[in-house]
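Student: Residues per chain are reported as follows:
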Amino acid sequence: MFKKIFISVGSYFLFLKMVFKRPEKWKIFWRQFINEADKLILSSILLVGVISLFIGGVLVIQTASNLENPIIDKMYIGYMVRESLILEFCSTMVALILAGKMGSNIASEIGSMRITEQIDAMDMMGINSAGFLVLPKVTAATILSPLLMLLSLALGLIGGWFVVETTHIIPPPSYITGIKAFYNGFYIFYSCFKMSLFCFMISSIAAFNGYNAKGGSLGVGRSSTQSIVTTSILILLSDLIVTQLMLY
Amino acid sequence: MIKVENLNKSFDGVQVLKNINVEYEAGQCNMIIGASGSGKTVLLKNLIGLMEPDSGEICYGDRRFSQMGYKEKSLLRQSIGVLFQGSALFDFATVIENVMFPMDFFTDWSDAQKKERAHYCLEKVNVTGADDKYPNELSGGMQKRVGIARAIALNPKYLFCDEPNSGLDPYTSILIDRLISDLTKEFNMTTVVNTHDMNSILEIGDKIGFISNGSMLWQGSKDTILKTDCTELRNFICANTLARNIIEGNRN
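Protein chains in written order, with my numbering: chain F, 8 to 255; chain P, 27 to 278.
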């Protein structure tokens, strides 16, 4: 089993070496980059947005129900919701959601190209298929994913505000004061960094699994499932490591 | 010309190709024939560099494939056209974009020039009015034709076809065969066709190599194949009623 893991890790880094070769033509790379930005990032906005709105609302209710002590200022509820969103939800939880959506999209797309010999056809033309297919996906996901994190944060706070306004679980001015209190810009950077790292892992591991898919449509399904499982575990593991390194 | 010398290939201890020696001439349709699982596709994949042989040599002209670096192989591949068994057209691209795809990478032509060349190639394979269709909107025969148009887009010196007739009706098969043969002669390409279709073999087989259990047992042409003394080849041929009737007719 360990041998298999070592071989997979080695193959993954050799694959990355192929991916990060200089593109044959930058014009084609940018065209693909825009396509992938649309396919991977823009198409995720709705999913991320809806989830963030609801989670923001739920966080307000949960935090309020846990802070009923009259000594504690209600503005701390807004503050804690904001910190929870920035530190964990908007990067890690959104990345786990994207591991399913983006990861399966990439693995199945590249996997089906592999089993229908489309990747062989590219290789036969003398084109670096890994570079052409994967580099735009990885760069688009890595560079643009912090925008999803920021959108998730904004919508999460709006979701919380909506619950506060409609239920008056806490006074709305306290919530507004709370989400503006003790602002630390480094946390935003930390969250954006995590999001970029996670999306790099999602896109590259899913592409690696798809690129090495074998055995027809079952193989494509297997590569898709494998990429989701692997990235989910690695996201949680690297979350722990990055948090330890950056916050403590 | 392509020269194969003492080529061997095995998978998990099973030898799939055994000491293959063969030469493929320019301007000819060179056929690799044999039963399913005989090693045809492995030989073809070794020829085009999608697999590496365990031992032996493949020479393109006077250049040895094993001694080429990545860049040299990339350059060589620009002079190779491949028609895959399932056509391998890119799902994300339309017909015209598929044919223009290699041009996008390897030429500095303007869009108008690329379109002109793509239309020329599509006309050569009798595909017109399908520029904006996606591969899944085309029939199997049309897909093969577009695959051939893409393969010849950069005017290749070498054309490889892996079972070009699979899944096609006999009439379309003959059309595809003739197309491959005509293009080979017109552009003086070295064409290697991997098939087990007897109609194709008898229609366009300028040079034929028969593989059985990984060994090249017989080499000849469409004119000599029906007179062969090779038992394995005779058994292979006689599995086809048409060919069996011709052979028996010749005997009688």
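Treat the hints as calculated values from the structure; they're not laboratory data.
The C-beta atom is built at its ideal place from N, Cα and C for all residues, glycine as well.
Hints may be right or wrong, so weigh each one.
[What the hints assert, rightly or not] Capping the alpha-carbon separation at 25 Å, the derived lysine-lysine pairs in BS3-like fashion look like this:
1. P:Lys140 with F:Lys187
2. P:Lys233 with F:Lys32
3. F:Lys10 with F:Lys187
4. F:Lys24 with P:Lys141
5. P:Lys183 with F:Lys24
6. F:Lys32 with P:Lys44
7. F:Lys34 with P:Lys71
8. P:Lys211 with F:Lys32
9. F:Lys108 with F:Lys81
10. F:Lys24 with P:Lys99
11. F:Lys28 with P:Lys97
12. P:Lys97 with F:Lys34
13. F:Lys32 with P:Lys248
14. F:Lys46 with P:Lys159
15. F:Lys32 with P:Lys29
16. F:Lys34 with P:Lys99
17. F:Lys28 with P:Lys99
18. P:Lys159 with F:Lys221
[Stated by the list, open to error] Partial pick of chain F residues on the chain P-facing surface, computed with a CB cut under 10 Å:
19. Phe27
20. Arg29
21. Lys32
22. Ile35
23. Ile41
24. Asn42
25. Asp45
26. Leu74
27. Pro77
28. Asp80
29. Glu90
30. Met120
31. Ile126
32. Asp130
Student: Against this structure, judge whether each hint is valid.
Tutor: Cross-check of the supplied hints:
1. Between Lys140 (chain P) and Lys187 (chain F) the CA atoms are separated by roughly 57 Å; this puts the pair beyond 25 Å, and the hint is violated.
2. For the suggested pair Lys233 (chain P) and Lys32 (chain F), the alpha carbons sit about 40 Å apart, so the restraint of at most 25 Å is broken.
3. Restraint check: the Cα-Cα separation between Lys10 (chain F) and Lys187 (chain F) comes to about 51 Å, which exceeds 25 Å; the hinted pair is violated.
4. Straight-line distance between C-alpha atoms of Lys24 (chain F) and Lys141 (chain P) comes to about 34 Å, which puts the hinted pair past the 25 Å bound.
5. Pair hint Lys183 (chain P) plus Lys24 (chain F) does not hold up; C-alpha atoms about 31 Å apart against a cutoff of 25 Å.
6. About 41 Å separates the Cα atoms of Lys32 (chain F) and Lys44 (chain P), which puts this hinted pair outside 25 Å; it is violated.
7. A threshold of 25 Å between alpha carbons decides the hint, and for Lys34 (chain F) with Lys71 (chain P) the separation of about 31 Å lies outside it, so the pair is violated.
8. At roughly 33 Å between alpha-carbon atoms, Lys211 (chain P) and Lys32 (chain F) are farther apart than 25 Å, so this suggested pair is violated.
9. Proximity of Lys108 (chain F) to Lys81 (chain F) is assessed by CA-CA distance (about 37 Å); at most 25 Å being required, the pair is judged violated.
10. The hinted pair formed by Lys24 (chain F) and Lys99 (chain P) meets the criterion: a straight-line CA distance of about 18 Å does not exceed 25 Å.
11. Between Lys28 (chain F) and Lys97 (chain P), the direct Cα distance comes to roughly 13 Å. Compliance with the 25 Å bound is thereby established for this hinted pair.
12. For the given pair, Lys97 (chain P) sits about 21 Å from Lys34 (chain F) by alpha-carbon distance, which is consistent with the 25 Å threshold.
13. For the given pair, Lys32 (chain F) sits about 45 Å from Lys248 (chain P) by alpha-carbon distance, which is inconsistent with the 25 Å threshold.
14. Simply put, Lys46 (chain F) and Lys159 (chain P) have alpha-carbon atoms about 21 Å apart, close enough for the 25 Å limit, and the pair holds.
15. For the proposed pair Lys32 (chain F) and Lys29 (chain P), the alpha carbon gap of about 33 Å is over 25 Å, so the pair is violated.
16. For the proposed pair Lys34 (chain F) and Lys99 (chain P), the alpha carbon gap of about 23 Å is at most 25 Å, so the pair holds.
17. Distance hint between Lys28 (chain F) and Lys99 (chain P) is fulfilled; the C-alpha atoms sit about 16 Å from each other, no more than 25 Å.
18. Restraint check for Lys159 (chain P) and Lys221 (chain F): the C-alpha separation of about 29 Å exceeds 25 Å, so the hint is violated.
19. For Phe27 (chain F), the interface hint is violated, since its Cβ never comes within 10 Å of a Cβ in chain P; the closest pair sits about 15 Å apart.
20. Evaluation of the Arg29 (chain F) hint against chain P yields a violated restraint, the C-beta minimum of about 12 Å exceeding 10 Å.
21. For the restraint placing Lys32 (chain F) at the interface with chain P, the shortest Cβ-Cβ distance is roughly 6 Å, inside the 10 Å limit, so the hint holds.
22. Because the closest C-beta pair between Ile35 (chain F) and chain P is about 6 Å apart, less than 10 Å, the hint holds.
23. Interface hint status for Ile41 (chain F): violated, as the beta-carbon distance to the closest one in chain P is roughly 14 Å, over 10 Å.
24. Against a cut-off of 10 Å between C-beta atoms, the interface hint on Asn42 (chain F) holds, since the closest Cβ of chain P lies about 8 Å away.
25. Annotation: interface hint on Asp45 (chain F) violated; nearest CB of chain P at approximately 13 Å, more than 10 Å.
26. Proximity of Leu74 (chain F) to chain P is violated relative to the hint, the smallest CB-CB distance being about 52 Å (cut-off 10 Å).
27. The interface hint given for Pro77 (chain F) is violated, since its Cβ lies 61 Å from the closest Cβ of chain P, which is over the 10 Å cut-off.
28. The interface hint given for Asp80 (chain F) is broken, as the beta carbon of that residue sits about 55 Å from the closest beta carbon of chain P, more than 10 Å.
29. With a cut of 10 Å, the hint placing Glu90 (chain F) at the interface with chain P is violated, because the nearest CB-to-CB distance is about 42 Å.
30. Look at Met120 (chain F): its Cβ gets to within about 7 Å of chain P, closer than 10 Å, so that hint holds up.
31. Look at Ile126 (chain F): its Cβ gets to within about 9 Å of chain P, closer than 10 Å, so that hint holds up.
32. Hint on Asp130 (chain F) holds. Least Cβ distance to chain P is approximately 7 Å, under the 10 Å limit.
Comparing the model with each earlier hint shows violations of hints 1, 2, 3, 4, 5, 6, 7, 8, 9, 13, 15, 18, 19, 20, 23, 25, 26, 27, 28, 29; every other hint is respected.
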